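These protein sequence lines are chains A and B, in that order. Position 122 of the first sequence, counted from 1, bears residue number 122 in the numbering used here, the numbering being contiguous throughout. Position 103 of the second sequence, counted from 1, bears residue number 103 in the numbering used here, the numbering being contiguous throughout.
Where hints are given, some of them may not hold.
Which copy is meant is left open, because identical chains are indistinguishable; a pair holds if it fits in one copy or across any two.
[Stated by the list, open to error] Pairs of lysine to any residue residues, derived as SDA-like cross-links and limited to a Cα-Cα distance of at most 25 Å, are as follows:
1) Lys115 - Pro96
2) Lys172 - Gly68
3) Lys115 - Gly13
4) Lys115 - Glu52
5) Lys115 - Val165
6) Lys172 - Ser63
7) Lys172 - Ala67
8) Lys172 - Arg156
9) Lys172 - Glu162
10) Lys172 - Arg37
11) Lys115 - Ser170
12) Lys115 - Arg99
13) Lys115 - Arg57
14) Lys115 - Thr151
15) Lys115 - Arg48
16) Lys172 - Asp97
17) Lys115 - Arg18
18) Lys172 - Ala103
19) Lys115 - Ala103
20) Lys115 - Phe2
21) Lys115 - Thr125
22) Lys115 - Pro90
23) Lys172 - Asp5
Derived by calculation from the structure, the hints in this document are not laboratory data. Please read these numbers as outputs of a predicted model, since none were measured by experiment.
2 protein chains.
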Amino acid sequence: MFESDETVVIRLGHRPGRDERTTTHVGLTARAFGADRIVIPEAASSTRSTIEDVTARFGGPFSVEQAGDPVQWLAGWDDPIVHLTMYGLPVEEMVPDIRAQCAGGRLAVVVGGGKVSRDVFEQATWNVGVTNQPHSEIAALAVFLDRLHGTDLGDRVFEGAEEVVIPSASGKRVTSETEGE
Amino acid sequence: MFESDETVVIRLGHRPGRDERTTTHVGLTARAFGADRIVIPEAASSTRSTIEDVTARFGGPFSVEQAGDPVQWLAGWDDPIVHLTMYGLPVEEMVPDIRAQCAGGRLAVVVGGGKVSRDVFEQATWNVGVTNQPHSEIAALAVFLDRLHGTDLGDRVFEGAEEVVIPSASGKRVTSETEGE
Numbered sequence: 001m002f003e004s005d006e007t008v009v010i011r012l013g014h015r016p017g018r019d020e021r022t023t024t025h026v027g028l029t030a031r032a033f034g035a036d037r038i039v040i041p042e043a044a045s046s047t048r049s050t051i052e053d054v055t056a057r058f059g060g061p062f063s064v065e066q067a068g069d070p071v072q073w074l075a076g077w078d079d080p081i082v083h084l085t086m087y088g089l090p091v092e093e094m095v096p097d098i099r100a101q102c103a104g105g106r107l108a109v110v111v112g113g114g115k116v117s118r119d120v121f122e123q124a125t126w127n128v129g130v131t132n133q134p135h136s137e138i139a140a141l142a143v144f145l146d147r148l149h150g151t152d153l154g155d156r157v158f159e160g161a162e163e164v165v166i167p168s169a170s171g172k173r174v175t176s177e178t179e180g181e
Numbered sequence: 001m002f003e004s005d006e007t008v009v010i011r012l013g014h015r016p017g018r019d020e021r022t023t024t025h026v027g028l029t030a031r032a033f034g035a036d037r038i039v040i041p042e043a044a045s046s047t048r049s050t051i052e053d054v055t056a057r058f059g060g061p062f063s064v065e066q067a068g069d070p071v072q073w074l075a076g077w078d079d080p081i082v083h084l085t086m087y088g089l090p091v092e093e094m095v096p097d098i099r100a101q102c103a104g105g106r107l108a109v110v111v112g113g114g115k116v117s118r119d120v121f122e123q124a125t126w127n128v129g130v131t132n133q134p135h136s137e138i139a140a141l142a143v144f145l146d147r148l149h150g151t152d153l154g155d156r157v158f159e160g161a162e163e164v165v166i167p168s169a170s171g172k173r174v175t176s177e178t179e180g181e
């Protein structure tokens with residue numbers, strides 16, 4: 001089990017229009033897998049409202065921050081940084097170190113789309129590969145956070161939810177009661 | 001370690017244009033995390049060529065099949081089916097059963113986008129939730145396959161690759177030698 005004071009996901013390489021849906025998926029994945037906040041570009045405005053709608057319905061806390069330039073935002077971050085990249089070192093080997101150094105502290109997790117600048121590779125505390133194959137920043141983020149937390153996914157509690165899904169073998173069961181702690 | 005005779009991913013709910021990039025991510029994630037094949041709609045033609053390009057460069061085997069109606073394609077599948085849905089039973093509880101029943105055999109993994117019909121819930125052998133939160137079919141597929149295989153991600157060998165990434169702490173290292181078995 002990994003507990004940070006704050007885990008923030010930073011979305012680099014967003015191309016307006018083209019990446020709106022993938023950036024939304026990055027944000028929803030960050031929330032579902034235990035991050036506290038996501039930083040997205042100013043341009044990704046429909047993404048912000050989708051994520052905030054989901055958080056209002058299914059609970060939080062989770063917040064969305066928009067930055068004019070997420071790379072510059074990252075330059076002001078003084079705590080450890082994980083940069084997820086297909087060129088990085090194996091996630092299965094890096095997780096113990098990351099856990100040890102970041103437990104109780106703050107952690108930034110950077111995901112890119114296409115071309116991430118050399119500066120980000122250099123600023124990162126760890127460049128981590130979730131496989132060394134080209135696939136998806138959404139997949140990489142999900143598997144990284146899953147392995148970082150290393151616990152039962154269902155144990156996470158979302159506060160203030162208007163809707164809670166009841167796991168079901170064959171249908172859709174949702175309660176609209178508010179589930180508190 | 002899980003070995004199937006064949007693991008096929010079926011992408012339902014693709015909306016032409018809007019979902020082209022997410023369907024591509026689903027396909028690349030399927031390949032990177034050990035599936036053998038993906039079935040996508042006829043409409044997703046740029047997705048097909050992107051996945052085939054990646055397979056040619058980074059190795060396989062992995063194939064792409066286009067179906068006029070993936071739901072109908074699924075109706076002709078007689079082997080076990082995992083349907084990934086936020087309404088399903090916890091992945092962490094279902095994986096041992098799925099492994100036991102599918103090792104050495106064939107397995108279909110169904111991911112949807114938006115609305116998946118009731119029939120699919122009923123046809124599925126297992127409706128599996130990768131968390132019971134709304135996030136991303138790409139994230140769900142990645143975490144499901146990662147947990148199903150439960151092995152070091154870097155152990156997977158891709159045959160016939162023109163390019164192989166060498167894991168690196170801070171840069172991009174790629175060899176263009178063909179790496180065989």
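To see whether the hints hold, each was checked on the structure:
| no. | hint | verdict |
| --- | --- | --- |
| 1 | Lys115 - Pro96 | neither (28 Å within a copy, 39 Å between copies) |
| 2 | Lys172 - Gly68 | neither (40 Å within a copy, 27 Å between copies) |
| 3 | Lys115 - Gly13 | within (7 Å within a copy, 29 Å between copies) |
| 4 | Lys115 - Glu52 | between (28 Å within a copy, 21 Å between copies) |
| 5 | Lys115 - Val165 | between (38 Å within a copy, 16 Å between copies) |
| 6 | Lys172 - Ser63 | neither (27 Å within a copy, 32 Å between copies) |
| 7 | Lys172 - Ala67 | neither (37 Å within a copy, 27 Å between copies) |
| 8 | Lys172 - Arg156 | within (20 Å within a copy, 36 Å between copies) |
| 9 | Lys172 - Glu162 | within (16 Å within a copy, 45 Å between copies) |
| 10 | Lys172 - Arg37 | neither (28 Å within a copy, 28 Å between copies) |
| 11 | Lys115 - Ser170 | between (42 Å within a copy, 15 Å between copies) |
| 12 | Lys115 - Arg99 | neither (27 Å within a copy, 37 Å between copies) |
| 13 | Lys115 - Arg57 | between (34 Å within a copy, 18 Å between copies) |
| 14 | Lys115 - Thr151 | neither (32 Å within a copy, 29 Å between copies) |
| 15 | Lys115 - Arg48 | both (23 Å within a copy, 22 Å between copies) |
| 16 | Lys172 - Asp97 | between (40 Å within a copy, 21 Å between copies) |
| 17 | Lys115 - Arg18 | both (15 Å within a copy, 22 Å between copies) |
| 18 | Lys172 - Ala103 | neither (36 Å within a copy, 28 Å between copies) |
| 19 | Lys115 - Ala103 | neither (30 Å within a copy, 39 Å between copies) |
| 20 | Lys115 - Phe2 | neither (30 Å within a copy, 34 Å between copies) |
| 21 | Lys115 - Thr125 | within (19 Å within a copy, 40 Å between copies) |
| 22 | Lys115 - Pro90 | within (20 Å within a copy, 35 Å between copies) |
| 23 | Lys172 - Asp5 | neither (34 Å within a copy, 31 Å between copies) |
Going through the hint list in order, the structure does not satisfy hints 1, 2, 6, 7, 10, 12, 14, 18, 19, 20 and 23.
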